[in-house]
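In order, the protein sequences belong to chains A and B. Position 327 (the first sequence) corresponds to 327 in UniProt numbering; numbering is contiguous. Position 166 (the second sequence) corresponds to 166 in UniProt numbering; numbering is contiguous.
Treat each hint with caution, since some may be false.
Straight-line C-alpha distance at most 25 Å; calculated SDA-like pairs for lysine to any residue [said to hold, decoys possible]:
hint	chain 1	residue 1	chain 2	residue 2
1	A	228	A	262
2	A	149	B	181
3	A	149	B	104
4	A	149	A	180
5	B	37	A	288
6	A	128	A	148
7	A	128	B	114
8	B	12	B	29
Ranges between beta-carbon positions, derived for each pair [to be verified]:
hint	chain 1	residue 1	chain 2	residue 2	range
9	B	55	A	190	32 to 38 Å
10	B	43	A	149	14 to 20 Å
11	B	63	A	180	39 to 45 Å
12	B	152	A	128	56 to 62 Å
13	B	152	A	84	50 to 56 Å
Which bits of chain B does chain A cover? Going by a derived footprint, with three or more residues having C-beta under 8 Å, they are [stated by the list, open to error]:
hint	segment
14	10–19
15	106–114
16	136–148
These aren't lab readings, by the way, just hints derived from the structure by calculation. The C-beta atom is built at its ideal place from N, Cα and C for all residues, glycine as well.
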Amino acid sequence: MNDFSPARNPIALAEIAPAISARGLVKTFGEVRAVDGIDLDVPRGMIFAILGPNGAGKTTLMRMLATLSRPDAGSATVMGHDIVQAPHEVRAAIAMTGQFASLDEDLTGRENLVLLARLWGFRGRAAKSRANDLLAAFGLSEAATRQVKDYSGGMRRRLDIAASLIITPGVLFLDEPTTGLDPNARKDVWGMIRGLADSGVTILLTTQYLEEADQLAARIAVIDHGRKIAEGTSRELKAATGSGFLHVAIADPARLDEAAGILERRLQHPVQRSTEGAQLSVMAGAAKAANEALAELVASGIDLSDFSMGQPSLDEVFFALTGQPGSADSHEDARI
Amino acid sequence: MSDATSLGRLPKVARPASPSALSNALVFGWRAVLKFKHVPEQLFDLVMTPIMFTLLFTFVFGGALAGSPAEYLQFFLPGILVQTVVFNAVYSGMGLSTDLGKGLFDRFRSLPIWSLSPFAGLMVGDILRHLIAASIILTIGLILGYRPEAGFFGVLAAFALLIAIGFGVGWIFIVLGLLIRTPMTVMTIGFTFIFPLVFASNIMVDPATMPDWLRAFVDVNPVSLMTTALRGLMGGGATLGQVALALIAPVALTAILAPTTLWLYLRR
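Turn these sequences into a full structure, and let the hints steer you where they fit.
Listed below in structure tokens is the structure:
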């Protein structure tokens, strides 16, 4: 039985290796350490999110894993293949949809897909038939003969993802798949990503939307300044930040500063302000402390339009971990 | 949403056998052909300048420069073909710079294909563009009265030389396209170098009347060497030596810049 153990059989090892395994990846651009020693383990079949603000190093990390950029230090395997030693094998096992639509705008939707299908080795009629299947599955049949430059943002994104599915990849890299999309198109793309994961594709996505990571990913790695500062399930990340979060909405926005001052002094934790509306969130710890803080607000004549105790949102987790709020868009999402 | 996404409708397919490098390159060549279909105006850009040059120099300056417009056209037409091919190369550099800026090449690079095939495809597109543009210019020349004394095979040999020139010069702009992010800058830098080479040559006039210092340059200018060989091939009387001199620059450019292209592309 031991003869079949993966350690003795390199082929079996490649078959059961995790989808992604990275150790100490580093990429520097001049003085800037864009990725500064990141470890990553993504099991097969999982949706894994890399969450971080602009410039955190998310895209650079993904480009290294997709063999588009060589690491300066560290190592990684994707579907069991080394990204530096065996880039061709890695490329045969992955697909990547970049942040900016990687399509030929002058060509029609169908021509883009036929082009890629031919590059994968489909010939003549087979290439066309694969392109048509993809167009149908992504609701683009009607737009098949239109040039991509006339597509809407959502249609482009769908075509872009379709272009990554000519061959069902082992790992699909999605760099900020919903950036710049309207809420409907975003939900649409989310549905697509879930559908792909259900069919067994491992998905590594980067996002600056906390809501997106929360909604889609089984595990989340939070990245800032090229380093991984936390990793876990959305629930674990929230639990690690602390459970007793007090959320209050102030009736008179003019008194927001005053209210924040009281909460901060009372509860001894930094207060996070929502970007819109007079909302404040702060870690409270015990319910008693929260009660006392609320009592002092009322005693100072500050009317509350709403208050609640609960789990922190990923926004608050992110704030606690990085010391900066998540992107403005994510606040809107969190309200849905 | 007119028709909704449903991945359930996507059939599973078996992975086809890995295609050959040649097949990859031809697919990129096909992409270049599709561009002609969808962006025919690029061809208009390519041929309008040389057509205007031909008409302007032949009818406005031709009589003064060579005694009569007809005589001048006979001298000028092979030169304008060289100019057309050299200028056209600038546009393909711009196209590459545009592609790279849009992330399209990231997708190509993440595919298991021969690394250089996108460039081989660009070259196929360039060669087609050169052939189409040169044919249009030649046709207009024939209508205006130009006659290639060397006949059909002379013209064929001349076109083969033009392709070699376009291939060699093309590398300059592929390298510029890889190095420079903005297509407009590629064009500006391209023309900054190309203009002196094209105008300080024997394309428009016989260098006999130029000052010595300029003539010294014009005589060794690769564009002059190309033009001399092309005149010889089309007009008859080309020597092997002339053709060899014309090929020095394209061969040297390819030998130096093709490996540079690969290196730049892979380290991006």
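Query - Whether the CB-CB distance between residue 63 of chain B and residue 180 of chain A falls inside 39 to 45 Å - result: Cβ of residue 63 of chain B to Cβ of residue 180 of chain A: about 60 Å, so the range 39 to 45 Å is violated.
Query - residue 55 of chain B versus residue 190 of chain A beta-carbon gap, inside 32 to 38 Å or not - result: Given range 32 to 38 Å: violated, Cβ gap about 59 Å.
Report task. Examine the segment 10–19 of chain B for residues whose CB is less than 8 Å from any CB of chain A, and state whether their number is three or more. Result -> Coverage by chain A holds here, the residue count being 9 at a Cβ distance below 8 Å.
Requested in this report: Please test the hint of 14 to 20 Å on the beta carbon pair from residue 43 of chain B and residue 149 of chain A.
Outcome: Given range 14 to 20 Å: holds, Cβ gap about 18 Å.
**Report entry** Distance restraint between residue 128 of chain A and residue 148 of chain A, which requires alpha-carbon spacing of 25 Å or less
**Finding:** holds (17 Å)
Report task. Just tell me: holds or violated, for the beta carbon distance of residue 152 of chain B and residue 128 of chain A against 56 to 62 Å? Result -> violated (39 Å)
Query - Coverage assertion for the segment 136–148 of chain B with respect to chain A, Cβ distance below 8 Å, three residues required - result: violated (count 0)
Query raised in the report: Does the alpha-carbon distance linking residue 228 of chain A and residue 262 of chain A stay inside the 25 Å limit?
Result: violated (33 Å)
Query raised in the report: Are residue 128 of chain A and residue 114 of chain B close enough, with their CA atoms no more than 25 Å apart?
Result: holds (22 Å)
Query raised in the report: Are 3 or more residues of the segment 106–114 of chain B near chain A, judged by a Cβ distance of less than 8 Å?
Result: holds (count 8)
Query - Pair hint residue 149 of chain A and residue 104 of chain B, alpha-carbon separation not exceeding 25 Å - result: Distance of about 14 Å is within 25 Å: holds.
Report task. Compare the distance between the alpha carbons of residue 37 of chain B and residue 288 of chain A with 25 Å, and conclude whether the hinted pair is satisfied. Result -> Given that 25 Å is the threshold and the Cα spacing comes to 73 Å, the pair is violated.
In summary, the numbered hints that this structure violates are 1, 5, 8, 9, 11, 12 and 16.
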